[in-house]
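Participant: Order-wise, the sequence lines are chains A and B.
Numbering-wise (this note's numbering), the first sequence opens with residue 117 and increments by one.
Numbering-wise (this note's numbering), the second sequence opens with residue 117 and increments by one.
Where hints are given, some of them may not hold.
[As the list claims (entries may be wrong)] In silico BS3-like pairs for lysine-lysine, Cα to Cα no more than 25 Å straight-line:
| hint | chain 1 | residue 1 | chain 2 | residue 2 |
| --- | --- | --- | --- | --- |
| 1 | A | Lys185 | A | Lys167 |
| 2 | B | Lys278 | A | Lys284 |
| 3 | B | Lys278 | A | Lys255 |
[As the list claims (entries may be wrong)] Only part of the chain A face toward chain B is listed, based on derived beta-carbon distances under 10 Å:
| hint | residue |
| --- | --- |
| 4 | Tyr250 |
| 5 | Leu253 |
| 6 | Arg275 |
| 7 | Tyr276 |
| 8 | Asp286 |
| 9 | Arg357 |
| 10 | Glu361 |
| 11 | Val366 |
Since the hints were derived computationally from the structure, they do not count as laboratory data.
Glycine residues also receive a C-beta, built at the ideal position from the N, C-alpha and C atoms.
Listed here are the chains, written in short residue letters.
Protein chains: 2
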Amino acid sequence: MATWAVGARGLRGLLLDVSGVLYDSGGEEGLGSAIAGSVQAVRRIKQSGLKLRFCTNETQATRAKFVQKLQQLGFDVSEKEVIAPAPAACRILQERGLRPYLLVHDALAPEFDSVDKSNPNCVVLGDAANNFSYENLNKAFQVLIGLETPILFSLGKGRYYKETDGLKLDVGVYMKALEYACDIEAEVVGKPSKAFFLSALADMDVEPHEALMIGDDIVNDVGGAQQCGIGALLVRTGKFRPCDEQHPEVKADGYVTNLAEAVDILLEQLQR
Amino acid sequence: MATWAVGARGLRGLLLDVSGVLYDSGGEEGLGSAIAGSVQAVRRIKQSGLKLRFCTNETQATRAKFVQKLQQLGFDVSEKEVIAPAPAACRILQERGLRPYLLVHDALAPEFDSVDKSNPNCVVLGDAANNFSYENLNKAFQVLIGLETPILFSLGKGRYYKETDGLKLDVGVYMKALEYACDIEAEVVGKPSKAFFLSALADMDVEPHEALMIGDDIVNDVGGAQQCGIGALLVRTGKFRPCDEQHPEVKADGYVTNLAEAVDILLEQLQR
Chain A
117 MATWAVGARG LRGLLLDVSG VLYDSGGEEG LGSAIAGSVQ AVRRIKQSGL
167 KLRFCTNETQ ATRAKFVQKL QQLGFDVSEK EVIAPAPAAC RILQERGLRP
217 YLLVHDALAP EFDSVDKSNP NCVVLGDAAN NFSYENLNKA FQVLIGLETP
267 ILFSLGKGRY YKETDGLKLD VGVYMKALEY ACDIEAEVVG KPSKAFFLSA
317 LADMDVEPHE ALMIGDDIVN DVGGAQQCGI GALLVRTGKF RPCDEQHPEV
367 KADGYVTNLA EAVDILLEQL QR
Chain B
117 MATWAVGARG LRGLLLDVSG VLYDSGGEEG LGSAIAGSVQ AVRRIKQSGL
167 KLRFCTNETQ ATRAKFVQKL QQLGFDVSEK EVIAPAPAAC RILQERGLRP
217 YLLVHDALAP EFDSVDKSNP NCVVLGDAAN NFSYENLNKA FQVLIGLETP
267 ILFSLGKGRY YKETDGLKLD VGVYMKALEY ACDIEAEVVG KPSKAFFLSA
317 LADMDVEPHE ALMIGDDIVN DVGGAQQCGI GALLVRTGKF RPCDEQHPEV
367 KADGYVTNLA EAVDILLEQL QR
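Using the sequences and the hints, build the whole thing.
Facilitator: Put into structure tokens, the structure is as follows:
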């Protein structure tokens with residue numbers, strides 16, 4: 117039996133990454149495709165009585181649209197179960213009285229409808245995909261370089277993700293680009309920031325040692341969760357690459373074929 | 117008298133950065149505009165008998181077109197006096213039997229006409245400006261991530277440069293983006309690489325202590341030259357910003373209003 121599973125008996129809450137664990141994004145209609153066994157795995161988690169949150173860095177759609185898409189793919193998920201960076205960023209902007217220049221996906225923009233964007237004094241970067249043109253990145257740069265203290269928020273810091281037709285550059289790459297251009301450090305909202313994981317735990321009323329994160333990103337999912345004292349499994353789906361199992365800094369508590377296998381092993385332990 | 121000028125009497129060769137020292141790029145016709153006094157300053161250097169090379173990281177045009185543009189602006193400059201990254205990169209590719217995927221400006225591409233670009237096993241990044249689309253950067257990323265040992269050449273590593281309508285992101289920003297995406301380090305061809313400065317000195321048959329670099333980039337011009345034992349002045353034109361005079365790591369040997377002032381002071385010293 118996998119050694120990580122031994123500790124599973126004290127488990128009360130699960131955190132699941134979404135893209136690469138539940139489904140692969142992309143495809144002609146933008147719907148993506150569910151990963152084999154994941155729809156049923158989510159259902160089994162819910163039936164088990166474990167608490168569950170979907171902890172995503174997805175910023176190509178509002179949370180409402182994102183949930184709609186997952187439901188279309190067959191997943192039992194509701195909006196209040198999804199912890200996502202954009203709503204967290206909106207709270208931070210309002211708390212600190214900041215007015216963003218947005219470089220985000222068109223489909224995410226409505227999430228910021230209630231935020232004052234006039235005369236911007238910071239930049240918010242999401243996974244903007246084709247909106248990452250030279251012109252748009254240059255506009256974001258010009259806002260930052262014109263500020264006495266440039267403030268850059270990045271909704272996640274992923275390197276790349278997997279779509280049905282291959283690996284695609286993620287927001288972290290453009291965060292690094294602007295950090296270098298302006299000689300600054302971005303504030304990351306989303307995984308792997310501690311605040312993000314802790315807000316998901318608080319929402320479930322679960323302690324770190326009672327929770328387990330399952331993701332396909334060795335640094336942002338696994339490393340991020342472990343920094344909060346949360347155990348973490350790496351799935352071999354999504355953007356997983358074999359070299360992730362030899363990552364120089366992060367070792368997962370366990371490696372599983374996919375979400376379905378993780379849930380099989382977990383539920384077997386819990387039912388003993 | 118400026119203290120840096122005291123050493124000028126042993127001077128035999130000058131290295132001049134071009135964009136931001138001779139002219140500001142951009143504008144409606146893409147010709148840019150000469151910086152006041154620079155055309156005459158170049159002429160006076162040549163009349164003085166000092167050796168001279170133009171040491172540029174410009175990669176938005178072939179060397180031939182670049183020289184043509186400078187001549188149109190009134191500068192006395194010939195192709196053999198210009199040290200530029202693209203010809204240096206072509207030599208390296210041929211020596212090492214590498215076949216590049218090019219992410220460069222359309223106008224630079226002819227410089228690589230003689231290079232085999234089939235089935236690429238490396239990426240060459242130039243200042244591609246509007247060619248830095250999400251799609252193109254993603255293609256470069258997919259080439260790199262598919263290689264067992266990804267090799268990325270960057271033609272310079274500048275953060276930004278000044279065009280007539282404002283600051284623009286330079287190639288270094290996209291180099292950092294791909295470095296982060298693939299967890300690699302790029303090989304820089306051009307300033308501030310030592311090999312680049314030393315090839316310019318060899319071309320003039322001048323020793324480092326007999327040479328002086330004049331540029332508007334505190335890190336790539338001034339820092340790069342100093343690492344080779346070449347003295348270096350920072351001009352307060354081009355992309356110069358007042359905070360450059362308080363750079364935490366690099367101190368120029370002198371700071372001057374513009375090229376014209378530097379040449380005034382230098383020639384006065386040489387004629388004593």
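Participant: For every hint, state whether the structure bears it out.
Facilitator: Hints versus structure:
At most 25 Å may separate the alpha-carbon atoms for a hinted pair to count; Lys185 (chain A) and Lys167 (chain A) meet this at roughly 22 Å. A threshold of 25 Å between alpha carbons decides the hint, and for Lys278 (chain B) with Lys284 (chain A) the separation of about 31 Å lies outside it, so the pair is violated. For the hint linking Lys278 (chain B) to Lys255 (chain A), the alpha-carbon distance of about 14 Å falls within 25 Å, and the restraint holds. Taken as an interface hint, Tyr250 (chain A) checks out: its beta carbon lies about 4 Å from the nearest beta carbon of chain B, inside 10 Å.
Hint status for Leu253 (chain A): holds, given a least beta-carbon distance of 6 Å to chain B, under 10 Å. Interface restraint check for Arg275 (chain A): the shortest CB-CB distance to chain B comes to about 5 Å, inside 10 Å, so the restraint holds. Interface hint at Tyr276 (chain A): satisfied, since its Cβ lies 6 Å from the closest Cβ of chain B, which is below the 10 Å cut-off. The beta carbon of Asp286 (chain A) is positioned within 10 Å of a beta carbon in chain B (closest approach about 8 Å), and the interface hint is therefore held.
The beta carbon of Arg357 (chain A) is positioned within 10 Å of a beta carbon in chain B (closest approach about 9 Å), and the interface hint is therefore held. The beta carbon of Glu361 (chain A) is not positioned within 10 Å of any beta carbon in chain B (closest approach about 15 Å), and the interface hint is therefore violated. Annotation: Val366 (chain A) was flagged as interfacial toward chain B, and the flag is violated, the nearest CB pair being 13 Å apart, outside 10 Å.
The structure shown violates the earlier hints numbered 2, 10, 11.
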